[in-house]
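Visitor: Please construct the entire structure, taking both the sequences and the accompanying hints into account.
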Amino acid sequence: MNHLLRGHAPISDIGWEMLDEEARERLAAALGARKLVDFSGPHGWDYSATNLGRTTPLASAPGEGVSGRQRRVLPVVELRADFELSREELRDADRGADDVDLEALDAAARQIAVAENVAVFHGWDEAIVGITECSPHEQVSLGDTAEHYPRQVAGAVERLLCSGISGPYALALGREQYRRVVETAEHGGYPLLEHLRKILEGPIIWTPGVRGAVVLTLRGGDFVFECGQDLAIGYQSHDADVVRLYLEESFSFHVATPEAAVALTP
Amino acid sequence: MGFDQYHEPPDELPAATRTFARLCASLTEEAEAINWYQQRIAIETDPEALAVMRDAQGEEFKHFSMDLEFLLRRVPAWREVAQGILFQSGDIVEHGEEAEAEAFEEGSAGAAGAYEDGSLGIGSLKGASR
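For the record, the sequence lines run as chains P and F.
Heads up: the first sequence begins at 1 in our numbering, then just goes up one per residue.
Heads up: the second sequence begins at 1001 in our numbering, then just goes up one per residue.
Hints were generated in silico from the structure; no laboratory data involved.
Please note: incorrect hints may appear among the correct ones.
No more than 20 Å apart at the CA atoms, straight line, and that leaves these computed lysine to aspartate or glutamate pairs for EDC-like [claimed, not checked]:
hint, chain 1, residue 1, chain 2, residue 2
1, F, K1126, F, E1008
2, F, K1126, P, D38
3, F, K1126, P, E25
4, P, K198, P, E147
5, F, K1126, P, E147
6, P, K198, P, E138
7, P, K198, P, E183
8, F, K1126, P, D222
9, F, K1062, F, E1030
Just so you know, these numbers come straight off a predicted model, no measurement behind them.
Guide: Right, dumping it as structure tokens:
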């Protein structure tokens, strides 16, 4: 048994399979950042830091005639979302119920997926510098209506080209902006979704947590998500009525090419 | 670029399953290479050429074994069956039947999870269309 302590939970094999499958489905839909940035790993729960290849000079040295430098690393962060499930519901699952109440798991999956997206695109204080935080490009407003989106997205693509950033490009859209795009039937003879895809030559990704939109290259090597422990369900505790579980992951994220993305504000 | 390793639409497959498919394809290719070298070595008479091909076949042994180990680490039930068969003396078929029965006696991965590290195996989702 590993650190997740799943073997201590009062959950049957059928129950675990149901929970893992439910979490996998919910997370895969909402993990927008993973659809856009490079992924390295998983390197395991005991993986603690990403090598940056950089050093900081040390002011003092332990002896005469020597100098020192300290390696700089990017520590991984741990992200965790706790939830609890009714043991009666889990027992019903063992009996074959197909409408088991897993809302708490679904909510935790949404929360941790949004948090991961936010960390990648907008950063996490003192832990992660996000894509929009370090982009040197001027942030332009998307505007209130989706009809203006093609102009702003095309402008962002042109700015990336001017910076020598090749495509294909992708568009990460926040919830409200994504809804506006898919509900806008036509623009210049094309459904807006198709029009934007033609401009980008790449996908449009629903990325809950993103504020506004981000246009970025998919060429690779510019944005690195380094995974320690990939998302997993672990066991915390239980009593007669509920079992307390959590979703957890560890990761670092760094931007190698700040100019490879353009943020478009809401 | 060929995508023959996929039997389902790649867009619908999780990244971990796509990686699994790539390693399965690689395993097949390494086994084929081992077979080809085995046949060439069987008929070659030039000692120098034989030495080169034996060295090359050794590389394929290594590649095949690394691919197999990767795949077994990703599928605990497969690993459990393999542990009951590989490197055992005695009747291969008998070991196979026993290993299969033991591995699937309890029916599922359960608390161990489908992946060795207990994770959900989501990994990279790059390439998703929306």
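Visitor: Evaluate each hint against the coordinates.
Guide: Status of the hints after comparison with the structure:
Between K1126/F and E1008/F the alpha-carbon distance is near 17 Å, which keeps this suggested pair within the 20 Å criterion. Between K1126/F and D38/P, the direct Cα distance comes to roughly 7 Å. Compliance with the 20 Å bound is thereby established for this hinted pair. With a C-alpha separation of about 16 Å, the suggested pair K1126/F and E25/P falls inside the 20 Å cut-off, and the hint holds. A threshold of 20 Å between alpha carbons decides the hint, and for K198/P with E147/P the separation of about 15 Å falls inside it, so the pair holds.
Only pairs whose Cα atoms come within 20 Å are accepted, and K1126/F paired with E147/P is rejected, the gap being roughly 28 Å. As the CA atoms of K198/P and E138/P are separated by approximately 23 Å, the hinted pair breaks the 20 Å bound. Proposed proximity of K198/P and E183/P is supported: the alpha carbons are some 18 Å apart, at most 20 Å. This hinted pair checks out: K1126/F and D222/P have alpha carbons roughly 14 Å apart, not beyond 20 Å.
The hinted pair formed by K1062/F and E1030/F meets the criterion: a straight-line CA distance of about 9 Å does not exceed 20 Å.
Taken one by one, the earlier hints fail for this structure at numbers 5, 6, listed in ascending order.
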